[in-house]
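Visitor: Kindly produce the complete structure, drawing on both the sequences and the hints.
In case you want the letters, here they are:
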Amino acid sequence: MAGTPGDEEALAVAFAAHERWAFTRAYREYASLLYSVAYNVLGNGEEAQDCVADAIARLWRSPSAYSAQRGSLRSFLVVCVRNEAISRRRRQSRRLRLEERLAAMPVEHQELEVGDPIERDRVRRAFAKLPDDQRAALGLAFYEGKTHTEIAAELNAPLGTIKSRISLGLRKIAASLGSDGGDR
Amino acid sequence: MNDAHAGERAALYALGALDDAESAAMEGHLRVCAECAKLVGEAERDVDTIASLETRRRAPDELTKRVERLLAPASRQRASWPRFAAIAAAFVIGVLPSVYLWERNAAMRDAMLSQSAAMDRLATSEHRTASFRPTSEALAANVMYAPDGSWYVIVVRGASHALQVAWMHDGAQTMLGVAVPHGRVAMLYLPKSHRMEQLALMDGPRVVAEAQLP
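First to last, the protein sequences are chains A and B. The numbering of the first sequence is this note's numbering, which starts it at 1 and goes up by one. The numbering of the second sequence is this note's numbering, which starts it at 1 and goes up by one.
Since the hints were made in silico from the structure, they are not lab data. Predicted model, so just to flag it, every value in this text is computed and none were measured. Heads up, some of the hints might be wrong.
Under the rule of at most 30 angstroms between Cα atoms (straight-line distance), these lysine-lysine pairs were calculated in the DSS-like manner [claimed, not checked]:
{"#": "1", "chain 1": "B", "residue 1": "K38", "chain 2": "A", "residue 2": "K172"}
{"#": "2", "chain 1": "B", "residue 1": "K192", "chain 2": "A", "residue 2": "K172"}
{"#": "3", "chain 1": "B", "residue 1": "K38", "chain 2": "B", "residue 2": "K192"}
{"#": "4", "chain 1": "B", "residue 1": "K38", "chain 2": "A", "residue 2": "K129"}
{"#": "5", "chain 1": "A", "residue 1": "K172", "chain 2": "A", "residue 2": "K129"}
The following residues of chain B were derived to be distant from chain A, with all beta-carbon distances above 10 angstroms [to be verified]:
{"#": "6", "residue": "E68"}
{"#": "7", "residue": "S131"}
{"#": "8", "residue": "L139"}
Simulated DEER-style distance windows between Cβ atoms [what the hints assert, rightly or not]:
{"#": "9", "chain 1": "A", "residue 1": "E19", "chain 2": "B", "residue 2": "S136", "range": "14 to 22 angstroms"}
{"#": "10", "chain 1": "B", "residue 1": "S193", "chain 2": "A", "residue 2": "Q92", "range": "18 to 26 angstroms"}
{"#": "11", "chain 1": "A", "residue 1": "P158", "chain 2": "B", "residue 2": "G28", "range": "43 to 51 angstroms"}
{"#": "12", "chain 1": "B", "residue 1": "E62", "chain 2": "A", "residue 2": "Q92", "range": "17 to 25 angstroms"}
{"#": "13", "chain 1": "A", "residue 1": "R20", "chain 2": "B", "residue 2": "Q173", "range": "19 to 27 angstroms"}
The C-beta atom is built at its ideal place from N, Cα and C for all residues, glycine as well.
Guide: Put into structure tokens, the structure is as follows:
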């Protein structure tokens with residue numbers, strides 16, 4: 001298991017070298033996190049499974065997608081799966097709003113929810129601390145999965161401004177979450 | 001920074017706020033630009049911080065089995081023979097050539113992007129050359145590098161599999177990247193911002209060659 005920094009580094013190096021065991025171990029290590037990330041974007045268990053499997057398959061077919069310079073393997077995998085999920089969501093012909101998807105979602109008893117409501121409140125509080133313009137731009141990107149072009153059109157602001165707001169907002173919110181005692 | 005570099009688009013990429021074409025272009029660039037890979041890596045950590053605090057669910061066993069099948073060596077996969085034979089025939093006739101070509105094309109594209117950047121540097125910039133001292137006679141490797149340490153090109157001949165490239169400094173090893181063989185030669189292009197005086201080729205934990213860069 002990639003529990004210690006040394007283990008994580010060795011796993012990352014082997015993953016970068018496209019070692020089969022490293023792909024298997026990385027998946028086992030982060031399976032629930034990756035599935036949760038996909039589920040939280042897609043709101044559907046079957047689609048989330050397809051998304052994670054496809055993302056791993058795509059990485060397995062791309063020998064140089066991850067390099068040591070990228071840093072955290074875990075964060076790289078989270079973003080790969082999340083981007084795959086957002087891309088899928090955009091491709092869906094039906095565009096249900098989040099609330100409608102949640103209302104239509106069947107209860108899946110076999111998947112125990114292990115999230116902590118207090119942790120989710122921390123995210124909400126961190127978002128609330130952002131200036132209005134950054135919160136709007138970052139919220140549309142993170143929660144709605146919109147592209148920067150769509151966000152610029154929706155907020156009626158230049159693309160460059162939107163890029164800056166999202167970039168600044170992301171750094172601030174991560175710093176805020178990292179500094180108020182949270183532990184990933 | 002020119003248009004190819006990530007800049008503020010690092011955050012957009014990590015958040016999934018680029019469209020599919022922009023994301024694909026960014027992924028291609030990240031394979032050849034270590035500085036942007038680092039920048040995007042930092043944005044990925046930020047997104048991970050937020051995403052990790054959202055609702056967690058346990059990965060279904062079905063998904064785990066599916067991924068393990070995907071990553072398992074082909075010889076370990078079991079199927080009843082008639083069904084296996086039918087699938088195998090269809091696979092050989094229809095799917096295998098396209099998957100093979102797709103994988104070959106993706107690998108070739110990655111290699112060409114990296115080699116293109118390396119060749120451009122070698123053709124247009126003043127550089128020095130140092131040889132690696134290998135522990136095996138089958139291996140031969142050189143490093144070409146800018147005198148100011150702004151880029152390095154590592155070329156390895158005779159490697160049967162991927163080797164890691166490490167910077168040896170102050171009694172420590174910092175992994176820089178992986179030289180993956182395409183044919184008989186493996187090449188790795190490393191844009192850097194600092195001078196490195198000793199590099200090593202690693203096969204797992206074992207140093208197989210070292211080079212001093214005067």
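Visitor: All hints, please: hold or fail.
Guide: Each hint, compared with the structure:
1. B:K38 x A:K172: At roughly 19 angstroms apart (the allowed maximum being 30 angstroms), A:K172 and B:K38 satisfy the hint.
2. B:K192 x A:K172: The given pair, whose Cα atoms are some 28 angstroms apart, holds under the 30 angstroms limit.
3. B:K38 x B:K192: holds, 11 angstroms
4. B:K38 x A:K129: holds, 27 angstroms
5. A:K172 x A:K129: Answer holds: A:K172 to A:K129 is near 9 angstroms, not above 30 angstroms.
6. E68: The assertion about B:E68 is violated, with a minimum of 7 angstroms to chain A.
7. S131: Holds, because the least Cβ-Cβ distance between B:S131 and chain A comes to about 23 angstroms, which exceeds 10 angstroms.
8. L139: holds, 16 angstroms
9. A:E19 x B:S136: 14 to 22 angstroms: About 21 angstroms separates the Cβ atoms of A:E19 and B:S136, which means 14 to 22 angstroms holds.
10. B:S193 x A:Q92: 18 to 26 angstroms: violated, 42 angstroms
11. A:P158 x B:G28: 43 to 51 angstroms: 26 angstroms Cβ-Cβ, so the 43 to 51 angstroms window is violated.
12. B:E62 x A:Q92: 17 to 25 angstroms: Given a distance of about 22 angstroms, which is inside 17 to 25 angstroms, the answer is holds.
13. A:R20 x B:Q173: 19 to 27 angstroms: holds, 24 angstroms
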